[in-house]
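Participant: Add chain W to chain L, keeping to what the hints say.
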Amino acid sequence: QVTLKESGPVLVKPTETLTLTCTVSGFSLSNGRMGVSWIRQPPGKALEWLAHIFSNDEKSYSTSLKSRLTISKDTSKSQVVLTMTNVDPVDTATYYCARISQRTVTTYDAFDIWGQGTMVTVSS
Amino acid sequence: DIQMTQSPSSLSAYVGDRVTITCRASQTISSFLNWYQLKPGNAPKLVIYAASSLQTGVPSRFRGSGSGTDFTLTISSLQPEDFATYFCQQSYSTPITFGQGTRLEI
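Keeping their order, the protein sequence lines are chains L and W. Counting from 1 along the first sequence, just add 19 to a position and that's the residue number in the working numbering. Counting from 1 along the second sequence, just add 32 to a position and that's the residue number in the working numbering.
Next up, chain L with everything else stripped away, as it sits in the complex (with noise of 0.2 Å):
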């Protein structure tokens, strides 16, 4: 059974690093075309895609979020991380880590599984 759980702080001041933990299992993250992405959905908003990440160590980030964020991978720990630096008021979301295949270099298949998401706070 695939599964994704995220986790880290409840609450963040303004300015601090935000990091997040995704811990997967039922899947490798050494698999070649698997990958996790990390999406947002702030009170009463639209879903935002932040980054993802890929076996191979592709990268990928939001173009309005690129410079604040950053993701890495532990494939013998099973979890993705994602920093994002000089959190804001406006970053107070639910996030949610999503499994991800590529189709083709450029082109990616469905997010087939979805964390239950963490409520993230952002206020002084």
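I should point out that these hints are in silico values taken from the structure, not numbers from a laboratory. Everything numeric in this text was worked out from a predicted model, so none of it was measured. Since no wrong hints were added, every one of them can be taken at face value.
As a list, the in silico SDA-like pairs of lysine to any residue whose alpha-carbon atoms are at most 20 Å apart:
(1) Lys77/W with Ser44/L
(2) Lys64/L with Lys77/W
(3) Lys77/W with Thr137/L
(4) Lys64/L with Ser42/W
(5) Lys24/L with Lys77/W
(6) Lys24/L with Pro72/W
(7) Lys77/W with Val21/L
(8) Lys71/W with Gln135/L
(9) Lys77/W with Glu67/L
(10) Lys85/L with Gln35/W
(11) Lys64/L with Lys71/W
One-sided and incomplete, this derived list gives chain L residues near chain W with beta-carbon spacing under 7 Å:
(12) Ala65
(13) Leu66
(14) Trp68
(15) Ser79
(16) Ser81
(17) Thr82
(18) Thr125
(19) Thr126
(20) Tyr127
(21) Ala129
(22) Asp131
(23) Trp133
(24) Gln135
Label-pair distances were calculated between CB atoms; the ranges are:
(25) Asp49/W with Pro33/L: 42 to 50 Å
(26) Thr42/L with Pro40/W: 34 to 42 Å
(27) Ser97/W with Gly45/L: 25 to 33 Å
(28) Val90/W with Gly51/L: 21 to 29 Å
Idealized CB from N, CA, C, for every residue including glycine.
Facilitator: For chain W alone, coordinates are given in the frame of chain L:
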């Protein structure tokens, strides 16, 4: 970035109704279009992938269609469990982008 325009933003319907949600991409995305269902407190659920393929376990009353830039999600004979928010998403290229969502209300 590819922009995804979804409509309507909200929709009221009755159990048993047929509803259609549309999604338009700002450039061609072939059939790399997926639909998700979100309910409060639950993990998002993949409903339709590759524009028209039904995800395993999803009832056949859900149907997706379209290619290129214009896509639709149709739910025939709405059931109480179908009232949720639906998002379209393109997986044609990065950055991956979502529509603004459609809230389906009883």
